[in-house]
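Build the full structure now, drawing on both the sequences and the hints.
Next come the chains, spelled out residue by residue.
Number of protein chains: 2
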Amino acid sequence: MKAAVLDHGRMVLRDDVAEPVPAQNQVLVQVKACGICGSDLHFAKHGRRMLELGAEMTSGGITSAGLALGLDLDRDVFMGHEFAAEVLEVGPDTESPLGPGSLVTSIPILFGPGGIEPIVYSNTTIGGYAERMLLSSFMLLAVPNGLDASRAALTEPMAVGLHAVNKSNIGPGEAAVVLGCGPVGLSVIAALRMKGVGHILAADFSPARRDLAQRLGAHQTVDPREETAWAAWARSGRGGSAVIFEAIGVPGIINDIMRSAPGGSRVVVVGVCMEADTFTPFFGISKELNMQFVLGYEPAEFAESLRAIAEGDIDVAPLVTAEVGLDQVGWAFDALGDPEQHCKIVVTP
Amino acid sequence: MKAAVLDHGRMVLRDDVAEPVPAQNQVLVQVKACGICGSDLHFAKHGRRMLELGAEMTSGGITSAGLALGLDLDRDVFMGHEFAAEVLEVGPDTESPLGPGSLVTSIPILFGPGGIEPIVYSNTTIGGYAERMLLSSFMLLAVPNGLDASRAALTEPMAVGLHAVNKSNIGPGEAAVVLGCGPVGLSVIAALRMKGVGHILAADFSPARRDLAQRLGAHQTVDPREETAWAAWARSGRGGSAVIFEAIGVPGIINDIMRSAPGGSRVVVVGVCMEADTFTPFFGISKELNMQFVLGYEPAEFAESLRAIAEGDIDVAPLVTAEVGLDQVGWAFDALGDPEQHCKIVVTP
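Protein chains in written order, with our numbering: chain A, 1 to 349; chain B, 350 to 698.
Among the hints, erroneous ones may be present.
Pairs of lysine-lysine residues, derived as DSSO-like cross-links and limited to a Cα-Cα distance of at most 27 angstroms, are as follows [stated by the list, open to error]:
1) B:Lys544 <-> B:Lys516
2) A:Lys195 <-> A:Lys167
3) B:Lys351 <-> B:Lys394
4) B:Lys544 <-> A:Lys167
5) A:Lys195 <-> B:Lys516
6) A:Lys167 <-> B:Lys516
7) A:Lys2 <-> A:Lys45
Some, not all, of what chain B presents toward chain A, calculated at C-beta under 8 angstroms [stated by the list, open to error]:
8) Val621
9) Cys622
10) Ala625
11) Thr627
12) Phe628
13) Ile634
14) Asn639
15) Gln641
16) Phe642
Bear in mind the hints are in silico, worked out from the structure with no lab data behind them.
Ideal Cβ placement from N, Cα and C applies to all residues, glycine included.
Have a look at this one:
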């Protein structure tokens with residue numbers, strides 16, 4: 001069958017990938033839609049460094065970051081973890097309440113005879129950039145309300161924003177500053193709005209992204225070339241501390257925030273910066289900042305995200321700027337570099 | 350009168366300092382004891398950089414860090430913010446429940462006709478390294494239970510530890526790792542023990558400091574030359590996430606913690622690193638770490654600290670390794686560089 005795979009930093013199409021066969025407690029599914037995640041672009045570019053950093057950590061985090069220590073970048077890497085799919089076949093001796101024909105999604109984790117593997121980056125476990133893949137029967141969630149596969153595939157990225165917002169412990173009376181309106185920042189904005197946060201200030205250089213930020217619920221947007229987020233924050237009359245979401249993920253931004261944020265602010269780092277970074281602890285100390293790093297989501301947050309999309313609490317349709325076939329995944333990885341043209345590209349194998 | 354002042358990085362004795370005169374709502378006090386704080390050593394060495402960093406911050410923090418923007422390092426700087434003193438004279442038209450002869454302490458903030466000034470680093474407001482100084486009458490706390498001035502002077506540094514522990518939201522069922530057993534780390538340990546935290550692991554290279562850590566309440570101590578705090582943590586059988594107090598304040602330590610800490614840990618940064626530092630956001634993200642920077646204390650925490658010392662909940666006596674006169678403050682600043690010899694030196698003018 002066909003799959004788009006990572007081959008030395010580039011996404012290429014293979015047409016000779018071995019057909020996956022469901023084991024017990026697995027189902028074979030036909031991928032209907034799979035969103036391209038910014039972390040896949042990161043991995044294509046910085047995969048070796050990510051594996052090195054993962055190996056450096058002496059405890060925790062490796063599995064949760066989706067990094068299998070045995071991953072070999074000189075072999076094809078399967079990716080694609082934002083998927084919606086149709087059940088084709090249920091594995092042997094497996095009870096699945098969702099049988100053939102059901103449209104489903106799932107947290108990207110596969111339980112198999114050999115153990116647990118994240119469906120994120122793998123030489124063996126096929127992800128959503130493929131015609132077919134395996135899922136764990138007991139992890140399946142039915143896509144409700146006739147929601148189409150393309151929007152259902154956005155359950156995963158929207159769960160990331162929901163998790164970041166939950167970890168921030170923001171209350172409805174507090175106000176948020178979201179720095180960066182890529183897919184992660186936008187999912188944070190949607191979750192903030194869903195939680196009833198009264199003021200959401202969003203900053204991005206791109207007019208298209210600022211427009212999306214408003215459509216997803218930002219009350220105020222700012223172009224940092226014209227006015228800093230902090231000046232806009234002061235102008236908004238909210239004053240005092242803020243709950244700040246860092247969704248940019250480039251070196252220097254954390255120190256910028258520490259230098260400029262109002263005292264007592266909470267900073268939620270949801271942008272993934274793969275490089276070593278420089279910061280000034282004295283800024284954090286002088287202002288008693290709190291910095292919460294976040295990753296992923298809980299199963300309940302994933303389910304809540306699907307519910308919110310299916311019931312119209314979050315309208316993800318504006319995020320999807322293109323749908324492409326498996327043969328265009330390489331093109332899509334490049335195209336996502338331009339924030340004016342694209343936000344979320346969905347692969348429809 | 351006499352005072353020890355900072356003169357281009359060195360503490361020197363002056364005998365011609367103008368006698369302070371109390372204004373309304375102020376009292377003149379005779380300093381009985383004033384602890385030398387590590388932040389004073391930092392300021393003597395890095396004062397210019399601290400002022401630069403303070404000026405770089407576009408909002409908040411400057412006053413709370415005790416940095417007056419107008420401070421001139423080419424003039425004498427008064428310091429000394431851990432004091433106990435005897436009231437000599439009450440200012441004009443001032444009602445003070447604590448009259449002449451009372452032993453008092455106070456948060457180091459002076460309210461004057463010209464506004465509020467921290468009694469931390471100043472060209473004009475005299476601190477505790479002097480024969481006499483001014484305090485705000487309405488900020489005075491009586492030193493109870495016959496507590497001597499030397500121990501009462503440690504109210505302030507112990508309040509720093511109490512504040513850090515409060516900001517960590519640590520529960521009695523959680524366990525703490527304290528990195529660095531200087532006065533700040535030791536005050537954290539004392540506060541953790543007072544809060545009933547069930548397991549306190551403390552790390553320091555110095556045997557004398559590890560001994561002090563045990564006297565103040567650490568259940569387990571480790572010499573990082575022999576075993577990392579993380580290996581000792583694993584050996585303690587507690588497992589899982591930890592509440593980690595960074596009380597070292599040198600470049601690199603925050604990244605070391607991020608690399609090695611158990612996933613989901615909370616890191617409280619109470620050590621003051623005055624230099625730019627390098628860290629790896631990916632470590633924090635992969636482990637969903639939380640980093641709380643802390644500074645100072647609340648008035649209630651200061652009062653609670655005095656109560657705890659006076660009632661014997663915290664025994665600060667072992668911390669005091671020397672008492673010196675005003676003429677020996679320069680010597681004491683140098684001597685505090687050796688953790689085997691000294692922990693807290695108290696100036697008794």
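Problem - Unmet hints by their number, sorted upward, for this structure - result: Checked against the structure, no hint fails, so every one of them is satisfied.
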